[in-house]
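Novice: Chain residues, written in single-letter form:
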Amino acid sequence: MDRKLAGLALSVLLVAAFVGGYIGYTEMQKANGTGPGLALQEQENSVLSDVQSGIINETETIEIGEMI
Amino acid sequence: MKYLAIVLAALVLISATAFVKTVSATDDENTTKEVKAMAFPFGAKMRLLQLEKSIGRNILVGQEIVDNIKEINQSYNTSRLESLIEELRALKHEVSEVDPQGNLTEAVKQFVDLKSDAREITKEFREIVGEDFDREEIGSFRQKIGHDIAGNLTEINHETRDAVRDYNAQLFEDMLHNLGMDNQELVDQVRNGSATGWLIRQELREMLQQMNETQRAEALMKMDRYFSRGYVKAISDIDKAKVNQEFRKVERLEQRLEKMQNKTEMVHQRLHRELERLGYNQSYRGYNGNGHDNGSED
Numbered sequence: 000m001d002r003k004l005a006g007l008a009l010s011v012l013l014v015a016a017f018v019g020g021y022i023g024y025t026e027m028q029k030a031n032g033t034g035p036g037l038a039l040q041e042q043e044n045s046v047l048s049d050v051q052s053g054i055i056n057e058t059e060t061i062e063i064g065e066m067i
Numbered sequence: 000m001k002y003l004a005i006v007l008a009a010l011v012l013i014s015a016t017a018f019v020k021t022v023s024a025t026d027d028e029n030t031t032k033e034v035k036a037m038a039f040p041f042g043a044k045m046r047l048l049q050l051e052k053s054i055g056r057n058i059l060v061g062q063e064i065v066d067n068i069k070e071i072n073q074s075y076n077t078s079r080l081e082s083l084i085e086e087l088r089a090l091k092h093e094v095s096e097v098d099p100q101g102n103l104t105e106a107v108k109q110f111v112d113l114k115s116d117a118r119e120i121t122k123e124f125r126e127i128v129g130e131d132f133d134r135e136e137i138g139s140f141r142q143k144i145g146h147d148i149a150g151n152l153t154e155i156n157h158e159t160r161d162a163v164r165d166y167n168a169q170l171f172e173d174m175l176h177n178l179g180m181d182n183q184e185l186v187d188q189v190r191n192g193s194a195t196g197w198l199i200r201q202e203l204r205e206m207l208q209q210m211n212e213t214q215r216a217e218a219l220m221k222m223d224r225y226f227s228r229g230y231v232k233a234i235s236d237i238d239k240a241k242v243n244q245e246f247r248k249v250e251r252l253e254q255r256l257e258k259m260q261n262k263t264e265m266v267h268q269r270l271h272r273e274l275e276r277l278g279y280n281q282s283y284r285g286y287n288g289n290g291h292d293n294g295s296e297d
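Respectively, the protein sequence lines represent chains A and B.
Counting in numbering that gives the first Met the number 0, the first sequence runs without a single skipped number right up to 67 at its last residue.
Counting in numbering that gives the first Met the number 0, the second sequence runs without a single skipped number right up to 297 at its last residue.
Note that these hints are calculated values from the structure, not bench results.
Every residue gets a Cβ at the ideal spot worked out from N, C-alpha and C, and that includes glycine.
Check the hints yourself; a few may be wrong.
[Claimed, not checked] Away from chain B, derived, C-beta distances all over 12 Å, residues of chain A:
no., residue
1, K3
2, G6
3, L12
4, A16
5, G64
[To be verified] Label-pair ranges, simulated between beta-carbon atoms:
no., chain 1, residue 1, chain 2, residue 2, range
6, A, L37, B, M206, 41 to 51 Å
7, A, A16, B, Q208, 45 to 55 Å
8, A, G64, B, R204, 31 to 41 Å
9, A, A16, B, D187, 20 to 30 Å
10, A, N44, B, V242, 10 to 20 Å
11, A, N44, B, M265, 55 to 65 Å
12, A, Y24, B, R204, 24 to 34 Å
13, B, N191, A, A15, 12 to 22 Å
[Claimed, not checked] Some chain B residues close to chain A (C-beta under 7 Å, calculated; not the full set):
no., residue
14, G55
15, N57
16, S193
17, K221
18, M222
Construct the entire structure; sequences and hints are all you get.
Specialist: Below, the structure is given as structure tokens:
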């Protein structure tokens, strides 16, 4: 019985350590600005900036200089 | 003292070179930015139309300056300025003949060449006016132009604005189509100018938020490819346009000269026919009002 309990406790500990480790790892990645979720977020920001700059300002003209 | 003068002269030379380099780098940056939109046929159409409008604007302003000069100084010979305006007219026609639906690299090459010609002609006009008239006179030209042709300039500005709006709408619609998405309401808002770049960004963000992570990653990759294609193409097309630029310029100027000579010849022939119809002979001196030569010896 004690051995079973000890085994269960060890399993819970291992799972907790794994979950804790995973959370710690992703948090560290967030702090470093890396990781898959953040990479996607960064890509989204970068692509949306490209979209925004691809939209041309309607007052923009082709500059060939003034006559005077 | 002599050394000081040499050092000063060298400094002036270095500053001037740096200034010229900066101006030319800015020109290059502007042209790259302009050409970026030409990666798409609707972008090429818009940029060529914008160039045509810019040249049209300078023709209008140039003609107004010449008219003002004739008013204030009748003895001034305006033929050099008028010939530059005529050259701008020929250039405007050449821009209108470029096919934006055909080979886009060729369209970029022609855009870069014709824009460069327009800049040179405009600069020459500005320099002649700057040399022959003082600041006060130029200031009064500016005031009169602002007053006399404001309506025409507004019309040109509106046409250019509409071309840009149409391009923005087509770009956005094309990009959505590329992603397998649709938002006609927003496309219409872009076309009538009520949607800003920021609003488009926000709307797209919301659309992306509704996707799962895999779909979002795929959509972002497609959008990235769509825009970077334009940038990469712009760089490559500008590089191609730089090759043989001088040679193409010679060819272009020869063709323009030939066209202008043909045009002058046609005007010459038409005036001759008109004079003959009115009863003048070729030298103008022998008119008798009935089509008979009056210049006889009797």
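Novice: Now look at each hint and say whether the structure bears it out.
Specialist: Going through the hints against the structure:
1. K3: Holds, since 40 Å exceeds 12 Å.
2. G6: 37 Å, holds
3. L12: Answer for L12 (chain A): holds, closest chain B Cβ roughly 31 Å.
4. A16: 27 Å, holds
5. G64: It is violated; G64 (chain A) is separated from chain B by about 4 Å at its closest Cβ, not greater than 12 Å.
6. A:L37 with B:M206: 41 to 51 Å: 20 Å, violated
7. A:A16 with B:Q208: 45 to 55 Å: 34 Å, violated
8. A:G64 with B:R204: 31 to 41 Å: 39 Å Cβ-Cβ, so the 31 to 41 Å window holds.
9. A:A16 with B:D187: 20 to 30 Å: 56 Å, violated
10. A:N44 with B:V242: 10 to 20 Å: 37 Å, violated
11. A:N44 with B:M265: 55 to 65 Å: Check passed, 60 Å falls within 55 to 65 Å.
12. A:Y24 with B:R204: 24 to 34 Å: 28 Å, holds
13. B:N191 with A:A15: 12 to 22 Å: Violated: the Cβ-Cβ distance is about 59 Å, outside 12 to 22 Å.
14. G55: G55 (chain B) check fails; min Cβ-Cβ to chain A is 11 Å, beyond 7 Å.
15. N57: 5 Å, holds
16. S193: 11 Å, violated
17. K221: Constraint on K221 (chain B) not satisfied, violated at 9 Å.
18. M222: 5 Å, holds
In this structure, the hints that do not hold are numbers 5, 6, 7, 9, 10, 13, 14, 16 and 17, in rising order.
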